[in-house]
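Dock chain A against chain U, hints included.
Protein sequence lines, in the order shown, are assigned to chains U and A. Using the numbering used here, the first residue of the first sequence is number 1, and each one after it goes up by one. Using the numbering used here, the first residue of the second sequence is number 1001, and each one after it goes up by one.
Note that these hints are calculated values from the structure, not bench results. None of the hints are false.
Using 27 Å as the maximum straight-line C-alpha spacing, the simulated DSS-like pairs for lysine-lysine come out as follows:
id, chain 1, residue 1, chain 2, residue 2
1, A, Lys1047, U, Lys281
2, U, Lys281, A, Lys1031
3, A, Lys1031, U, Lys6
4, U, Lys281, U, Lys305
5, A, Lys1047, U, Lys6
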Amino acid sequence: MLALTKNRHQWGFACGRISALEGRLMGQDFFLSLAGLERIEDLFQRLQDTSLREHMNPGAVTWEDWSTIIDAYVHNLVLSLRRDSPRTAVADLFTLSDDYLNLKRAVQHRGAYPFLSNVFSEDRLNDVAAGNVSLLPDVIRATMAQLAAGAEAANPMVVDMTLDGAYLRHYLALGSSLEAPFIEYWVRERVLARAVVVLWRAARSGHPLKMYQQHFLPLGPFNGVLGEMIAAGDPRGWGALIPGRLGDLYQEALEAPEEEQVVRFEQITSDYLTDLARRVKMQTMGPERVAGFLWGLWIEAFNLKLVISGRLNKIDPDILKSRVRACYV
Amino acid sequence: MDHQLAIELGRGMAMAGAGLAVGLGCAGSAKGIGIASQAVGGVLSEKPDLFGRLLVLLALPGTQGFYGFITAILIFVNTGLITGALNVTPGTGLALMILGLGVGIALFFSANWQGEASASSIGLVARRPEAFGRSIILPAMVETYAVVALLVGILAINWLTSDAVTAFLRQ
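Here chain U stands alone, though its shape is the one from the complex (with noise of 0.2 Å):
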């Protein structure tokens, strides 16, 4: 197993404020007790004993409340943490994903950036609505730069392409950039296994995989796996193809029914990194232990919408349930 990083007592504050946090996170079995709620109002009651309850305003019953206050939530925390971390691409791992959604609102000139931003401040946005994408990132210029100059920003699947190579690739970059072997490793485990998910639901919903060839790729160190699962073209042969604990994952998840093959792979994964992340636990110090938090907060963000949106969806318990990810602590 890879080593953890040692001596880098500049991560001693940010740690120390962990230490105090993760007392604060929720557990599974906090979830499925919430799945087995009756009543929405026992849930919102509960939930505010939480820590979410600083966020809470009163009367917040529907969705979009709901969602509004776990996003900030989260977003609050990881800026905090990044603005007590020594280096900021360990936050910057946890925010990316709202970053391109304003990124992709930018590129089809749809005005606001509703999204929480950290990476791309507004005037960047603005910058690259307005055509200018110098001041990118050198990993994803030239790919927004050709986007940007072509009329393929128009068709939303070649968007959605792009934009999704672009942020595996940026997140990968981040990875690498911190210098601690093992958030390098959980940081491919994570891009191999959504992009993995990328094609597999191209391939459901019969989009030409040809087209990510060449638009969402290239990959970095995936570029030769995810051309030959490209090349192969039916998902039932790609468990062969995929290196690694993730090749007996997707192989775990074909066993499901269909429709559910790619939801259960999502949450195999998402378990399997977790259960890698738990490993930082015990470091006292360094960026993997502020990465394995900050996973933690992210899986409880998805949690605790799963479970309020499904019930407020009146989705049955048991379902909930099941869909429930394992938790960090």
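Chain A alone, transformed into the frame defined by chain U:
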């Protein structure tokens, strides 16, 4: 060797030993406390009520600096620097310098590791304040070896500068 020169050499090396012991001890303590204080700062930003407990854990790596100070003072006193009756031969001075270096190294590394151990214990107290009693034991184990170094230093300084040894060396 000229008697005055011999006294000068002996005194100089003894003072160097004292300087090494206190310098390395204090440097180690400063670093150890620095490591622990980073963690304390982070915990206090979330749980300020833990200040009293964390202060104890934060202070633990500071003892090595005092052990170095005690070693240095003992060298000053026993070699006659303070009383003015200098009684250090070159051999004794050399032995005291090496002794001071050894004690200093032990203090330096134990303070560093104690800082790390304290930071771990600080994390433990942040998660489970009720485990404070047990959390002190972990860095205190590291302290054992700083105390051993100090004890050996005290015994060796007393022996090297005792009247019997000094008289024997001057025969």
